[in-house]
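Protein chains in written order, with numbering that gives the first Met the number 0: chain A, 0 to 251; chain B, 0 to 251.
Hints are computed from structural coordinates only; laboratory data are not their basis.
Computed from a predicted structure; not experimentally measured.
Among the hints, a few may not be true.
Repeated chains share a single entry, so a pair holds when one copy, or any two copies, can fit it.
What the hints assert, rightly or not - No farther apart than 20 Å at their CA atoms in a straight line, the calculated lysine to any residue pairs in the SDA-like style are these:
1. 168 x 208
2. 168 x 237
3. 176 x 52
4. 232 x 98
5. 97 x 175
6. 97 x 44
7. 97 x 218
8. 97 x 235
9. 97 x 248
2 protein chains.
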Amino acid sequence: MNGQLIIVGLGPGPQNWVTPAASEAVGEADVVLGYAPYVNRLTPRTGQIFEASDNREELARAERALELAASGQRVVVVSGGDPGVFAMAAAVYEAVEKNPVSASSVDIRVEPGVTAMLAAAARIGAPLGHDFCAISLSDNLKSWATIERRLRLAAEADFVIALYNPASKARPEQIKKAFEILATVLPSETIVVFARAVGRADEDVDVTTLGRAADALCDMRTLVMIGSRATRKVQSADGRSWVYTPRSERER
Amino acid sequence: MNGQLIIVGLGPGPQNWVTPAASEAVGEADVVLGYAPYVNRLTPRTGQIFEASDNREELARAERALELAASGQRVVVVSGGDPGVFAMAAAVYEAVEKNPVSASSVDIRVEPGVTAMLAAAARIGAPLGHDFCAISLSDNLKSWATIERRLRLAAEADFVIALYNPASKARPEQIKKAFEILATVLPSETIVVFARAVGRADEDVDVTTLGRAADALCDMRTLVMIGSRATRKVQSADGRSWVYTPRSERER
Numbered sequence: 000m001n002g003q004l005i006i007v008g009l010g011p012g013p014q015n016w017v018t019p020a021a022s023e024a025v026g027e028a029d030v031v032l033g034y035a036p037y038v039n040r041l042t043p044r045t046g047q048i049f050e051a052s053d054n055r056e057e058l059a060r061a062e063r064a065l066e067l068a069a070s071g072q073r074v075v076v077v078s079g080g081d082p083g084v085f086a087m088a089a090a091v092y093e094a095v096e097k098n099p100v101s102a103s104s105v106d107i108r109v110e111p112g113v114t115a116m117l118a119a120a121a122r123i124g125a126p127l128g129h130d131f132c133a134i135s136l137s138d139n140l141k142s143w144a145t146i147e148r149r150l151r152l153a154a155e156a157d158f159v160i161a162l163y164n165p166a167s168k169a170r171p172e173q174i175k176k177a178f179e180i181l182a183t184v185l186p187s188e189t190i191v192v193f194a195r196a197v198g199r200a201d202e203d204v205d206v207t208t209l210g211r212a213a214d215a216l217c218d219m220r221t222l223v224m225i226g227s228r229a230t231r232k233v234q235s236a237d238g239r240s241w242v243y244t245p246r247s248e249r250e251r
Numbered sequence: 000m001n002g003q004l005i006i007v008g009l010g011p012g013p014q015n016w017v018t019p020a021a022s023e024a025v026g027e028a029d030v031v032l033g034y035a036p037y038v039n040r041l042t043p044r045t046g047q048i049f050e051a052s053d054n055r056e057e058l059a060r061a062e063r064a065l066e067l068a069a070s071g072q073r074v075v076v077v078s079g080g081d082p083g084v085f086a087m088a089a090a091v092y093e094a095v096e097k098n099p100v101s102a103s104s105v106d107i108r109v110e111p112g113v114t115a116m117l118a119a120a121a122r123i124g125a126p127l128g129h130d131f132c133a134i135s136l137s138d139n140l141k142s143w144a145t146i147e148r149r150l151r152l153a154a155e156a157d158f159v160i161a162l163y164n165p166a167s168k169a170r171p172e173q174i175k176k177a178f179e180i181l182a183t184v185l186p187s188e189t190i191v192v193f194a195r196a197v198g199r200a201d202e203d204v205d206v207t208t209l210g211r212a213a214d215a216l217c218d219m220r221t222l223v224m225i226g227s228r229a230t231r232k233v234q235s236a237d238g239r240s241w242v243y244t245p246r247s248e249r250e251r
């Protein structure tokens, strides 16, 4: 039997945001690999092997997964959110590129999921209702100069900007630098959303402005969204409010 | 009882890409509204009312949904993909903005879904593995000048670019203009993916280059992805190929 390697997105957290296709792939796997917090969301069935590993070991995990699949096993690699967005799918294709022979006759495919920015947007309203971009703020894999340039161009393009990996213990201050760069282009009243741990018990979503954003706390589990010039708050008459970006630039 | 209005994403097509949360919301609704092709994917249970309407009537549909919810009903508005991405969620908050009184005491929320670019990316490999943007090419709701400017800035930022609504019967030629603009910044060998009807029976995914993209056919059901300078093909030793964007800009 040919091996199988499916890279599966588990969504932002809750089980009811996991697609049936993703659940089915996990259920049928012989081996499930992934970063420990994602693997730990799942319950192995009898005979199934779970291998949890560290966040920094993405390529090694991908190579291990490919090797297991090449030996004929049904292998699943899990990511949080969508596996194609700053996650394991690209790592697996890097492994294929490094070792095209091991990929021979392995059935490789990706099962999409709900990525963090979609869940964060859903919680606060509809900030991604117009053109937008997604930037990872981690400079482990690219230069800070590239990040700065992209932030500036994204603000000039008036995209809504979703920032993945906005901060970690190793780099708590970069998000403030990012806000400073954006503030050279965007008005200080631009809406900024901090969406932390969306879908989890400790979910916390805050809305502020670019002028005040530097004071907000964020960590690896936070998704930051910076509005476009059109992004705004809307209120119901009983005082609840949401953030949205109109579909039309003409209705500003 | 207070009314409820849930804007639900049904994903790109197949039932196994619909989240359990989305299915549950639809199942519990008194009334389901949406563009006919999305409503027609669902089967009403006894006593449930389905209202299908035309694509161009988004704001009218949102206002109707809000009115029904204000009268105490449990209302679901369905979108394909994710409702927050160029879809009904922003239209509903526009309706709230126009009529804040009708939104009073209505429980309004969004159920996220798998948006088209994630499904298209999954089918071809991992083209969204690095920074990317999403642009709707429809100029019904914004000026063509804005679209041109965003395309140029996105190419300068070296984002992978996902184009929603790349063509319709009314505007079959704009996608060619878009490719011309991108070609002023990006090399002609830049990878372009045409992902048509992903997840449906007539799914068709083609990979070409920016230099040859103008010859490809696309329509309203196509998602077009233009690679960054780092996006490339990878092949297994037995000749299958995928498209991916490395996570790291240093590994080019």
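Checked hints:
1. 168 x 208: neither (24 Å within a copy, 41 Å between copies)
2. 168 x 237: neither (40 Å within a copy, 43 Å between copies)
3. 176 x 52: neither (31 Å within a copy, 47 Å between copies)
4. 232 x 98: between (50 Å within a copy, 14 Å between copies)
5. 97 x 175: So residue 97 and residue 175 fail the 20 Å test inside a copy (37 Å) and across (35 Å) alike.
6. 97 x 44: neither (32 Å within a copy, 52 Å between copies)
7. 97 x 218: neither (33 Å within a copy, 36 Å between copies)
8. 97 x 235: Between. Shortest inter-copy distance 10 Å satisfies the 20 Å Cα cut-off; intra-copy 55 Å does not.
9. 97 x 248: between (45 Å within a copy, 16 Å between copies)
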